[in-house]
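Participant: Chain by chain, the residues run as shown.
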Amino acid sequence: MSDVSPTGPMLAADGTPLKKKLAQALFLSRVRAFGLVAPLLLFILASFIVPIMTLLWQGVHNNTYEKYMPQSTAVLAEWDAVSAPTEEMYAALVADLVTARETRDIGKVATRVNREKSGTRSLFTSSARSAAKMETPFREALIDKDEDWADIEVWQAMKIASLSLTPAFYAAAVDYTYNADGSFEPAEENRQIYVFLFLKTFAVSLAVTVCCFLLGYPVAYLLSTLPMRTSNLLMILVLLPFWTSLLVRTTAWIAMLQSQGVLNDIFVTIGLTSDDQRFSLIYNMTGTIIAMTHILLPFMILPLYSVMRGISPSYVRAAKSLGATNWTAFWRVYFPATIPGIGAGALLVFILSIGYYITPALVGGQDGQLISNFIADHMQKTLNWSLAAALGGLLLASVLILYWIYDKIVGIDNMKLG
Amino acid sequence: MALPIYASTGERIWYYTFRVICACIFIFLITPILIIIPLSFNVQPYFTFTEGMLKLDPEAYSLRWYADIFRNGMAAPDAVEGWWADMWQNAQWVRAMKNSFFIGFFATLLATGFGTLAAIGLSRSEMPYKGLIMSILISPMIVPLVITAAGMFYFYSQVGLSQTKMGIILAHAALGTPFVIITVTATLVGFDKSLVRASASLGANPVRTFWKVQMPLILPGVISGGLFAFITSFDEVVAVLFLASPEDRTIPRQMWSGIREQISPTILAVATILVIISIGLLTMVELLRRRSERLRGLTPG
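Quick note, the sequences are listed as chains A and B, same order.
If you're matching positions, the first sequence starts at 1 in my numbering and goes up one per residue.
If you're matching positions, the second sequence starts at 1 in my numbering and goes up one per residue.
Okay, chain B solo, but in the shape it has when bound (with noise of 0.2 Å):
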């Protein structure tokens, strides 16, 4: 959208403004990420910029934070021998990361595993009840949180599941199957059809079709449906606050009572880092998209 020559004086003026309010807009997105980080090095226990670190003064700056999460929990943090094997047990962050990859793998295996299937089933044309079950499957996403976590507080603790991490991976499974079910279909509704009619009359059978033809083709939808269902997972709090034990306590649970109760800038120290993941997970994603489109035959944009 390139300003053209003869562009009036107010069209001129308009083109500009419209940039500056649109950056600002993008200011207002990022930062608040973006901020965290140098907060999180601040040498003091404050949320806010000191004189010393918008000097630049190194004294103002330090890695305290971040020892803090490991030490934070621990038996003896300055003990020499078996300073590993505590942080390893005892440390509450640490064991709160445990926890959280832990959970989310579980909930990402079946999420993402019955999650393919239904996608599957769902996008063939001879599906009966395709749009109820399609919003049923979907409703997780839809609901408010509070609901569904209440409900499964109430449900859970009548079977026994409640505190338990098995309660936590079926929530969270349940939360992460809309994601991978909007992602596969997406990638499914590029698919060639006739490559599965050709594969089974090349002599192969439908199992040997799926996994040799369709699969590899519908492969990048169904890695970022799962890390869709796995960010899911390592994000989700309510649930966790409804389901989980002390000893269940995930990343988010621990910055929730960090914020509710001790406020110190060790969360903004795991939020950096927080942030580092997600930049990742961000990056594998956008690959994958693209990578999608190109076998798709489209062009990536």
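With the rest of the complex left out, here is chain A (with noise of 0.2 Å):
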């Protein structure tokens, strides 16, 4: 269409140029669909997106000791973490365990430091007690109280605990420990625990990930041969699971693989063992491992069935008529054209054993835990949320990087369920 014809701009019929109008209408539309999905995005966000972000800051921002210290925390800013603490520095320490004792928030600021430098918390509840009676000077009167205020160790712990937009947490979660001035380093070799826990969770997904597709091709592969009708019945036998609840699911697990369980039993029925060297099959690795093989395989089947329909089967007939063999012509002409299928299942399984956190946590033993498991435990036992939201936000950097994979290679709107 043309901009200007002999007779000036096309206009419509209200006298507004037509290609105003189409703009008009087109904005219209483009706002009548955002309406559609508008109440939905705002609930997605604001009970879903914004909780995820406020934990994921406590990661890097823990305003603990700020908020009852802010003295202390003031002078400690100025302090260059080398030289003797002053007397200025211990008076204001002293004033700010006076009011946080009188608020009652002094355990909090205790255990914030403690996470620092162990064995600190006490340091602080028991001077906090007796700091209302201390007098100038400061620095006898605490060290008077406990020698540990000498040490400057403690302080560098107190420095690091008082900035409050700080790495440490994220240096922790990948084992490293924030020094007062600036510097990282290795954490002690026994405390290095979370990027092993990190390898083995990935490790127990690539694990499922490849159990599932071991056994979830010759499934797909008979569903998508059998003629439609049997296959249909056969597809009970595959979504049943997926529809069952996983508790129920783990539950099964433990009654099949437990020492006393189904599967032991028959063991030693058919003399596989004896009655008194029973298989050790559940609460350790292995039975993390067979649980969520078992409850992830029908994300690997389903993909993959959907696929294989869509396979010609004459492809293969060619490439047999050509003179392939049989493997030849599964290996070279079948199983490319089943790629995207797997692509699409393996990431799926892949994407969602990382985050398991119910399996591993009821079949799992000491062994089976994986980084899911410390997560919950730092935010419901130890209170440690924001070494919690450090490793939740490594885990979710991983997933997303996944999901943004699964994205460009599959597409999220090619997903189906059933």
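A few of these clues could be false.
[Claimed, not checked] The list that follows gives simulated cross-link-like pairs (lysine-lysine, DSSO-like), each with its CA atoms no further than 27 Å apart:
id, chain 1, residue 1, chain 2, residue 2
1, B, K130, A, K19
2, B, K130, A, K408
3, A, K320, A, K381
4, A, K408, A, K381
5, B, K130, A, K21
6, A, K381, A, K200
7, A, K67, A, K19
8, B, K98, B, K165
9, A, K145, A, K117
10, A, K20, B, K130
11, A, K381, A, K117
12, A, K20, B, K212
13, A, K19, B, K165
14, A, K20, A, K67
15, A, K20, A, K133
16, B, K193, A, K21
17, B, K193, B, K130
18, B, K193, B, K212
19, A, K408, A, K108
20, A, K67, A, K21
21, A, K408, A, K67
22, A, K145, A, K133
23, B, K165, A, K381
These aren't lab readings, by the way, just hints derived from the structure by calculation.
Just so it is clear, the structure is predicted and the values come from calculations on it, not from any experiment.
Need the complex rebuilt from these two chains, each delivered in its own frame; the hints are there to steer you.
Facilitator: Below, the structure written as structure tokens:
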């Protein structure tokens, strides 16, 4: 459509240029479409995205010390973390200890500093009790109360705690410690657990994905080649576990795998093992992998099945008529055509399994615990929310990268259920 | 994939081996679910088959764990008078069931309402930033539940929603919406847009068109999306672990503490009931899918 005709721009019935009118109409319909999505978008933002963001913010920002110990925070900020603490710093500390004790927040402060240097908890709580009666010089008064106050490491720990915006928790989540002078160093050897835990989580997820692939591929192939009626019947066997409660399936695996359970009873009956040497199949890594494979297998079978249904059988026949052996026809013709399905299924299974919590918690025992279990523990038991947030941030980042890959190669609008 | 007459011996062997392998995988998939059904009738408090059960001795079977579902937590389980009221008020599993259905119902309502509207918007071609918005709306399904639950616990306790049913309902609604969006969008893919134009040309306004033309056609998708949202809420335990007060425990939460603390075959009895509920829901979704495909003129598969 040309913009300008010999008689000027083309006009709509009410005299406005047609182009403008069209733009208006398109804009309106875009607004209308967005209006339909907006309620859910706001709902998801408010109930889901914002909570996660607030939690993640905790991973880099913990103002417990700054909030309850404002005066010593101010003087610690000016301190170089090397020279001996001055009388002014001791005075500010005593003043803060008195107020924190009055507002009953001293416990939170003590816990916060204790995370940077363990063993300092009681130092704070007991000194705060007698702080109100202390007189100048405060340095002597505090050291008189507990000589640990002369220890510069305590003050360094306080300086780290006084910095609200801190990389300390992310450093801790990758087994590094953050020092008062701003440097990082590897944590003590016996406290390096998280990197290993992340690697273990990835290894377990990979193992589960591979198991799901090995078990899912033949089943999906069988289902896609059987007549519709039979395959629909067999599909029920895949969909029923998919629809059954996760806890029911986990319970079922406990009944199956425990040492007095069904499988061990069968092994004893057929003589595979003796009664006093039953296999330990549960409350360890084996149990976690078996149960997770069972739970996630439908997520592998369903995308594979829908891809395999779309592959015409004439491709393989053509390959064979051209002289390919069965294996060549499968490996060179059929298998490459199923790769989109494998990608979709494997990514979905992997994404779901790196965040798995319930099954490892119930059947994992000691060595089957994954990163999610530690996040939950820090949230609920040790109450170290900032560390939980940092670990969660790393886990979330890896999931989101995989999600992005999934979106690129599969497309989230191609996700299918059942 | 029937075996052709000219198949060689090797092919025959492979054909049957392959079937046996597949049969084993199907057994792996279904046995754990089926095995709990007979075990839940065990008279002994074990998770294993007793000798009596294997001999099919009627003495070895009982309904005591099913009775226990109702009796556990009751003030006076053997009283005759007021038994029903006592059971309804005090039995732990009954309370968990009431909570599960209450939370599930409202979470489904929220998820289905918002989700259907959003899916209709998303399937319009003029929708701006479709990819980005879609990936945000699907993300509750992808983000590890522990992170979701921890975030909600942290944020909801600041705004006074933790330890309330409302908090759990909001959490479950957020977790259920991706399923509604996926199923409804899938139904809308085959939707014939000229029906909307036809309706408009006959004088119907957009609202009337929506209710009289579009809604009846996408209804199967909406209902199965709703069922997915319901089962998500009905099955969800991590958010409940973080957000629920002891009064608001749901069935999965009750099972969780049952498995962790006092493992008794009552859990198997509850599990059996849940399996039956899943079979019911699965059947409904399957029937709806076929109906939807028929409505859209596809051959039901």
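Participant: Flag every earlier hint the structure violates by its number, smallest first.
Facilitator: 3, 4, 7, 12, 13, 14, 15, 19, 20 and 21
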